Amino acid sequence: MRYKCVFSGSGGQGSALLAKLVCQAAIVDKLKVVMSQTYGIEQRGGDSTAFVIVSDQPIGNPLVEADGNLGIALSASTYGTCLASMGNEGQLFYNSSLIKSEIEKPGLTQVPLKASDIAIEVAGTPRGLNLVMLGAAVAATKFLKVETVEEVIRETIGHKKAALLDSNLASFRAGLDKA
Amino acid sequence: MPEETLFLKNTETFAESMVRCGVRFHFAYPITPASDVMKHSAVILPAFGGRMVQMESELAVANALAGCACTGRLGATSTSGPGMSLMQETISFMAGAELPCLMLDSMRVGPGDGDIIGAQSNYFQATRGGGHGDYRVIVLALDSGQSAVDLMPTAIKLAYTYRTPVLFVMDGVTAQMTETSTFPEPHDYASEFDTSGWRYTGTKDHPKRFLLTGSYTHSQGYELNERLRAKYEIIKEKEQRWEAWGLEDAELLIVAFGIQGRMVRELAARMREEKKKVGYIVPITLWPYPDKAFEKLPKELKRVLVVEMNHGQMLDDVRLAVNGRAPTSFLGKTGGDTPLCTLAEIKAEAERLLEA
Amino acid sequence: MENTQENLSSLYGKTLMLDKLFSYCPGCGHGIVTRLVAETIEAMGIREKTVAVVGIGCGGFSHHYMDIDAIEAMHGRSPSVATGFKLASPDNFVFTYQGDGDMGAIGLADVLHAANKGVPITCLMINNTVFGMTGGQMSPTSLPGQITATTQKGRDTHLHGYPILIPEMMRSMPGVKYLARETVADAPAIRRAAKSLRKAFECQEKNLGFAFIEFIVPCPTGLKKGVKESYVWCKDQMLNYFKPTIFKDETE
Numbered sequence: 005m006r007y008k009c010v011f012s013g014s015g016g017q018g019s020a021l022l023a024k025l026v027c028q029a030a031i032v033d034k035l036k037v038v039m040s041q042t043y044g045i046e047q048r049g050g051d052s053t054a055f056v057i058v059s060d061q062p063i064g065n066p067l068v069e070a071d072g073n074l075g076i077a078l079s080a081s082t083y084g085t086c087l088a089s090m091g092n093e094g095q096l097f098y099n100s101s102l103i104k105s106e107i108e109k110p111g112l113t114q115v116p117l118k119a120s121d122i123a124i125e126v127a128g129t130p131r132g133l134n135l136v137m138l139g140a141a142v143a144a145t146k147f148l149k150v151e152t153v154e155e156v157i158r159e160t161i162g163h164k165k166a167a168l169l170d171s172n173l174a175s176f177r178a179g180l181d182k183a
Numbered sequence: 004m005p006e007e008t009l010f011l012k013n014t015e016t017f018a019e020s021m022v023r024c025g026v027r028f029h030f031a032y033p034i035t036p037a038s039d040v041m042k043h044s045a046v047i048l049p050a051f052g053g054r055m056v057q058m059e060s061e062l063a064v065a066n067a068l069a070g071c072a073c074t075g076r077l078g079a080t081s082t083s084g085p086g087m088s089l090m091q092e093t094i095s096f097m098a099g100a101e102l103p104c105l106m107l108d109s110m111r112v113g114p115g116d117g118d119i120i121g122a123q124s125n126y127f128q129a130t131r132g133g134g135h136g137d138y139r140v141i142v143l144a145l146d147s148g149q150s151a152v153d154l155m156p157t158a159i160k161l162a163y164t165y166r167t168p169v170l171f172v173m174d175g176v177t178a179q180m181t182e183t184s185t186f187p188e189p190h191d192y193a194s195e196f197d198t199s200g201w202r203y204t205g206t207k208d209h210p211k212r213f214l215l216t217g218s219y220t221h222s223q224g225y226e227l228n229e230r231l232r233a234k235y236e237i238i239k240e241k242e243q244r245w246e247a248w249g250l251e252d253a254e255l256l257i258v259a260f261g262i263q264g265r266m267v268r269e270l271a272a273r274m275r276e277e278k279k280k281v282g283y284i285v286p287i288t289l290w291p292y293p294d295k296a297f298e299k300l301p302k303e304l305k306r307v308l309v310v311e312m313n314h315g316q317m318l319d320d321v322r323l324a325v326n327g328r329a330p331t332s333f334l335g336k337t338g339g340d341t342p343l344c345t346l347a348e349i350k351a352e353a354e355r356l357l358e359a
Numbered sequence: 138m139e140n141t142q143e144n145l146s147s148l149y150g151k152t153l154m155l156d157k158l159f160s161y162c163p164g165c166g167h168g169i170v171t172r173l174v175a176e177t178i179e180a181m182g183i184r185e186k187t188v189a190v191v192g193i194g195c196g197g198f199s200h201h202y203m204d205i206d207a208i209e210a211m212h213g214r215s216p217s218v219a220t221g222f223k224l225a226s227p228d229n230f231v232f233t234y235q236g237d238g239d240m241g242a243i244g245l246a247d248v249l250h251a252a253n254k255g256v257p258i259t260c261l262m263i264n265n266t267v268f269g270m271t272g273g274q275m276s277p278t279s280l281p282g283q284i285t286a287t288t289q290k291g292r293d294t295h296l297h298g299y300p301i302l303i304p305e306m307m308r309s310m311p312g313v314k315y316l317a318r319e320t321v322a323d324a325p326a327i328r329r330a331a332k333s334l335r336k337a338f339e340c341q342e343k344n345l346g347f348a349f350i351e352f353i354v355p356c357p358t359g360l361k362k363g364v365k366e367s368y369v370w371c372k373d374q375m376l377n378y379f380k381p382t383i384f385k386d387e388t389e
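Protein sequences appear in the order of chains A, B and C.
Each residue of the first sequence is one higher than the one before, counting from 5 in the working numbering.
Each residue of the second sequence is one higher than the one before, counting from 4 in the working numbering.
Each residue of the third sequence is one higher than the one before, counting from 138 in the working numbering.
The set of hints was computed from the structure by calculation and includes no laboratory data.
Watch out, some of these pointers could steer you wrong.
Claimed, not checked - Computed footprint of chain C on chain B; a stretch qualifies when at least three of its residues, placed anywhere within it, have a C-beta under 8 Å from a C-beta of chain C: (1) 67 to 77; (2) 91 to 98; (3) 107 to 114; (4) 152 to 161; (5) 215 to 226.
Since the model is a prediction, treat every value here as computed from it, not as a measurement.
Just so you know, even glycine gets a beta-carbon here, dropped at the ideal spot from N, CA and C.
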């Protein structure tokens, strides 16, 4: 298996955390991981895109070059960038609370999800929208084990902000259910 | 500390790896994209009884490294672009003085101040000897954090066996990537070498020694160079390293190092699945250049394609190694948001050449 | 002859290599400073652990007359080499021996940063106001109006600035524990210089921090003067600008 992931979002939406959680969960699952930063997380006006490759084989080409097969777009201003990095197969999950119109790309399955609304519903704040999206992506593609992701969320978020752990886990599970 | 897998930036993996293999003194000056090496080594070295020493310039860095090497202990440095240029005089000095040490050039775009984004534009500087005189340093190309981990023991053995600086080159794109690397149990390779026959640590156990790279007579200069030449000939004979694949019947041979080599490995396998006869040579030592890899070229060979993150530097060495037996093409660029040839671009060029 | 050498050896001990022929020119101040260094090493009993890091220029010859290990560094870089050496091998006694060209021109940053870091090494600058080995060119310490190979009408301070005062630059650095300017212009001064050198070396032995001495010496060849005349000039002209002073002594 090989997932070439594109995670885009605007300032504060947590696309970098999303990438980090995916990397850590993949490592726990004994998968190979590359996250590219020079070419990867570009920061323009708070918008950022992270590229993560997850594979059960050694990773040759470490670049995502318009051949992403798992995308998550959190904001309207980064949807275009995310879409451009995707290939003609795979799935792109986008936050339809903020991204109002879908741009068609042949071969690519696009999945709208009102992540901001769902996050507010389950946790009273839109902060967990990144985890709602991650939940949906994990449920739909099974590229990571649910238990592993939950374990990593506990370690990463529980470690620093214990108070936020429950709401984040609730957001992730809401995403799993909505898929 | 048993074997463990860590998810680190490749600059950090380099620092981890050198420290776990015996580097105790890391001299450096901040410069992007190499700075993360010193940031990381500063954190981890004290637990190993060592230190990261931030000097005031790359001139001071290189010379403190030379001083450390004079004691027989293993020191290292890491730098990029202009920093590498500033160190050249002392690299020439250390080569002439036959001092072992490790260096990393996290290559970025030049010339001048250049750009902080990754490149392979220091191939000439690394392999030709950017400093003065007839000298060489052993140059090892890295394409991932794991390659740094895997090559580190070799690098230390080469540095001490041949008493020479060993230079790693890693393009800045690879340097800035974060990926998983598996580290074996730490082992101090440097301390396994007996340096008592040459180190300059006082006359208690040996008659007066002095390190001299200059000459008082013209014959001294001649003798130093002859001694170095003899050593370099042995290194050229014994220490060429490379990876080759598909050479038995390749019509197109792709030659690339570092990250571009890593990509070409995947590309060649993919094109073979499409029944296209592609093979590759990925040099691991850039000096000595793996000429031996080119000795038996396939009789089906139509063309050689060299891919680099520069405007054609290793290309010269490939042409020398191929020596007119096949036409040679080049694909490369330096700088820009994507400062390297993408797999799609290399594939398109490879297909064009196969059809031509 | 052999007998005389033996007699001298019993006087001077092992450090000074009396069988070596000097390559310093007749009257050169280096000869006196080199002997002071050798005597101090001998008196302190540190010969076997001493390492000299010497500069490029006539000062680079200094270690040839001492039975100690030595490193000939690139031009100006001795303090940086000594810094790396001392860090990796703190039990060695490490000193640099450099001229005013090596240290004051190309190597100024190296020595100032070693001083500022308080690296426990001893740096010696032998200042004769010219690049001696390369043929008497102007150095950063050449006096105003001084005629040199590259200032044939005399050093013009509008063009070349004033002679650089290195110990004065180090005075405010807390890492510097012993700081002096001495001279070998006459016998009493040589005796004072010997005492100062002992202090500077002990500063390292006590691991207190950085120690520095500038020695004001004549270069008869570079100054194009007779030996006697050059010593008179050293005393009258050089010392008038470079005043022998113990700037700092925190060794007690």
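Hint check results:
Chain C is given as covering the segment 67 to 77 of chain B, and this holds because 9 residues of the stretch bring a CB closer than 8 Å to a CB of that chain, at least three being needed. Only residues whose C-beta sits within less than 8 Å of a C-beta in chain C count toward coverage, and the segment 91 to 98 of chain B has 3 of them, enough to reach three; the restraint holds. Beta-carbon proximity to chain C at under 8 Å applies to 0 residues in the segment 107 to 114 of chain B; the threshold of 3 is not reached and the given coverage is violated. Remark: the segment 152 to 161 of chain B is not confirmed as covered by chain C, as 0 of its residues place a Cβ nearer than 8 Å to a Cβ of that chain, below the required three.
Here the segment 215 to 226 of chain B counts 3 residues with a CB under 8 Å from a CB of chain C, which clears the bar of 3, and the coverage holds.
In summary, the numbered hints that this structure violates are 3, 4.
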